[in-house]
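Participant: Now for the letters of each chain:
There are 2 protein chains.
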Amino acid sequence: MAYTMKEVAERTGASPHTLRFYEKEGVLPIPDRDANGVRIFNEHYIDCVDTVQALRSTGLPLAEIKQYVELYKSGEQTLPLRRTMLVVQKNKVEDQIARLIKTLEKLNYKLALVDAQESQFSKLP
Amino acid sequence: MAYTMKEVAERTGASPHTLRFYEKEGVLPIPDRDANGVRIFNEHYIDCVDTVQALRSTGLPLAEIKQYVELYKSGEQTLPLRRTMLVVQKNKVEDQIARLIKTLEKLNYKLALVDAQESQFSKLP
DNA sequence: TGGAGGGCTAGAGTTACTCTAACTTATTTT
DNA sequence: AAAATAAGTTAGAGTAACTCTAGCCCTCCA
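The listed protein sequences correspond, in order, to chains A and B. For the first sequence, position 109 (counting from the first letter as 1) is numbered 91 according to our numbering, and the numbering increases by one without interruption. For the second sequence, position 43 (counting from the first letter as 1) is numbered 25 according to our numbering, and the numbering increases by one without interruption.
What the hints contain is simulated information worked out from the structure, not anything from laboratory work. Every residue, glycine too, gets a C-beta built ideally from N, C-alpha and C. Treat the hints with care, as some may be off.
Claimed, not checked - Computed cross-link-like contacts, EDC-like style, restricted to lysine to aspartate or glutamate with a CA-CA straight-line distance of at most 20 Å: (1) K72/A <-> E25/B; (2) K74/B <-> E87/A; (3) K92/A <-> D32/B; (4) K84/A <-> E100/A; (5) K55/A <-> E100/B; (6) K92/B <-> E76/A; (7) K48/A <-> E5/A; (8) K92/B <-> D32/A; (9) K55/B <-> D97/A; (10) K88/A <-> E100/A; (11) K(-12)/A <-> D14/A; (12) K88/A <-> E100/B; (13) K84/A <-> E100/B; (14) K72/B <-> E(-11)/A; (15) K72/B <-> E100/B; (16) K92/B <-> E58/A; (17) K84/B <-> E100/B; (18) K92/A <-> E46/B; (19) K88/B <-> D16/A; (20) K92/A <-> E25/B; (21) K84/A <-> D29/B; (22) K88/B <-> E76/A; (23) K72/A <-> D32/B; (24) K92/B <-> D14/A.
What the hints assert, rightly or not - Reference listing, derived: stretches of chain A covered by chain B, where coverage requires no fewer than 3 residues with Cβ under 8 Å from a Cβ of chain B: (25) 34 to 47; (26) 60 to 70; (27) 75 to 81; (28) 88 to 94.
From just these sequences and the hints, can you work out the full model?
Facilitator: Structure, rendered in structure tokens:
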């Protein structure tokens, strides 16, 4: 039930550096410490990291994630606002996916061009 | 056939700042200037910007884009290497799309949770 | 007991912008 | 004609989000 820094890093894919940095920036809770001042994490902490990572991977800045986390901490009356934030992010992610698909098409086009040029090149006398 | 900084910025979506920065970093060609030292751009320049943006949007660092551009400048013998770079980026983009779809699912899940809590909340006496 | 392994903090370095200051030039507006 | 507006120029500072370094502490196992 208790995890070390290294375990949390492994389970979330974030580096210990990044985890400490997120904590310092206030987007992650302040974990308990053992007698030597070493952080002790629990299952819930890993959920928090997952959420922050999901929000970050959509490009949401840490400052806004912090806002979201603070809304979460201040209870149910912030649910409508949090809902709005989630919907906004959802739309952004859909846009990003659309944009990446366009990029993929562009890359495929460039690959086709390169292949055409390559075969022409190899046909030279 | 000739464009100003502002027009290039509008047509590519990159800010003039960013365009000058890219030029300084060597990922864009050095454009001609008019008598007042003002940059004059052409159609081909816009293609270059598009390509850089497509590569950047896949997360390719400017340093590697610069390498690609230099390979391009040094002619046909670099085609196989450029082809490899494109394939690598294509795979990365596919990965990114897959990851974003997962994030989208997570967001939908969180939205469903929030909606459930919200309706529960509104049912309170 | 000593060395590997992990953790801690403070702070420097990196990437890719992004903005500011201070200035010139060109075009409108009064 | 003078003034305001808009666009351009450079050099360089600032920012976000890591990412790494230095220097130290603690513990565990051979």
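Participant: The structure should be examined with respect to each hint, and the outcome stated for every one.
Facilitator: Hint check:
{"no.": "1", "hint": "K72/A <-> E25/B", "result": "35 Å, violated"}
{"no.": "2", "hint": "K74/B <-> E87/A", "result": "13 Å, holds"}
{"no.": "3", "hint": "K92/A <-> D32/B", "result": "12 Å, holds"}
{"no.": "4", "hint": "K84/A <-> E100/A", "result": "24 Å, violated"}
{"no.": "5", "hint": "K55/A <-> E100/B", "result": "16 Å, holds"}
{"no.": "6", "hint": "K92/B <-> E76/A", "result": "16 Å, holds"}
{"no.": "7", "hint": "K48/A <-> E5/A", "result": "10 Å, holds"}
{"no.": "8", "hint": "K92/B <-> D32/A", "result": "12 Å, holds"}
{"no.": "9", "hint": "K55/B <-> D97/A", "result": "18 Å, holds"}
{"no.": "10", "hint": "K88/A <-> E100/A", "result": "18 Å, holds"}
{"no.": "11", "hint": "K(-12)/A <-> D14/A", "result": "15 Å, holds"}
{"no.": "12", "hint": "K88/A <-> E100/B", "result": "43 Å, violated"}
{"no.": "13", "hint": "K84/A <-> E100/B", "result": "37 Å, violated"}
{"no.": "14", "hint": "K72/B <-> E(-11)/A", "result": "32 Å, violated"}
{"no.": "15", "hint": "K72/B <-> E100/B", "result": "41 Å, violated"}
{"no.": "16", "hint": "K92/B <-> E58/A", "result": "14 Å, holds"}
{"no.": "17", "hint": "K84/B <-> E100/B", "result": "24 Å, violated"}
{"no.": "18", "hint": "K92/A <-> E46/B", "result": "17 Å, holds"}
{"no.": "19", "hint": "K88/B <-> D16/A", "result": "33 Å, violated"}
{"no.": "20", "hint": "K92/A <-> E25/B", "result": "18 Å, holds"}
{"no.": "21", "hint": "K84/A <-> D29/B", "result": "15 Å, holds"}
{"no.": "22", "hint": "K88/B <-> E76/A", "result": "13 Å, holds"}
{"no.": "23", "hint": "K72/A <-> D32/B", "result": "26 Å, violated"}
{"no.": "24", "hint": "K92/B <-> D14/A", "result": "27 Å, violated"}
{"no.": "25", "hint": "34 to 47", "result": "holds (count 3)"}
{"no.": "26", "hint": "60 to 70", "result": "holds (count 6)"}
{"no.": "27", "hint": "75 to 81", "result": "holds (count 5)"}
{"no.": "28", "hint": "88 to 94", "result": "holds (count 5)"}
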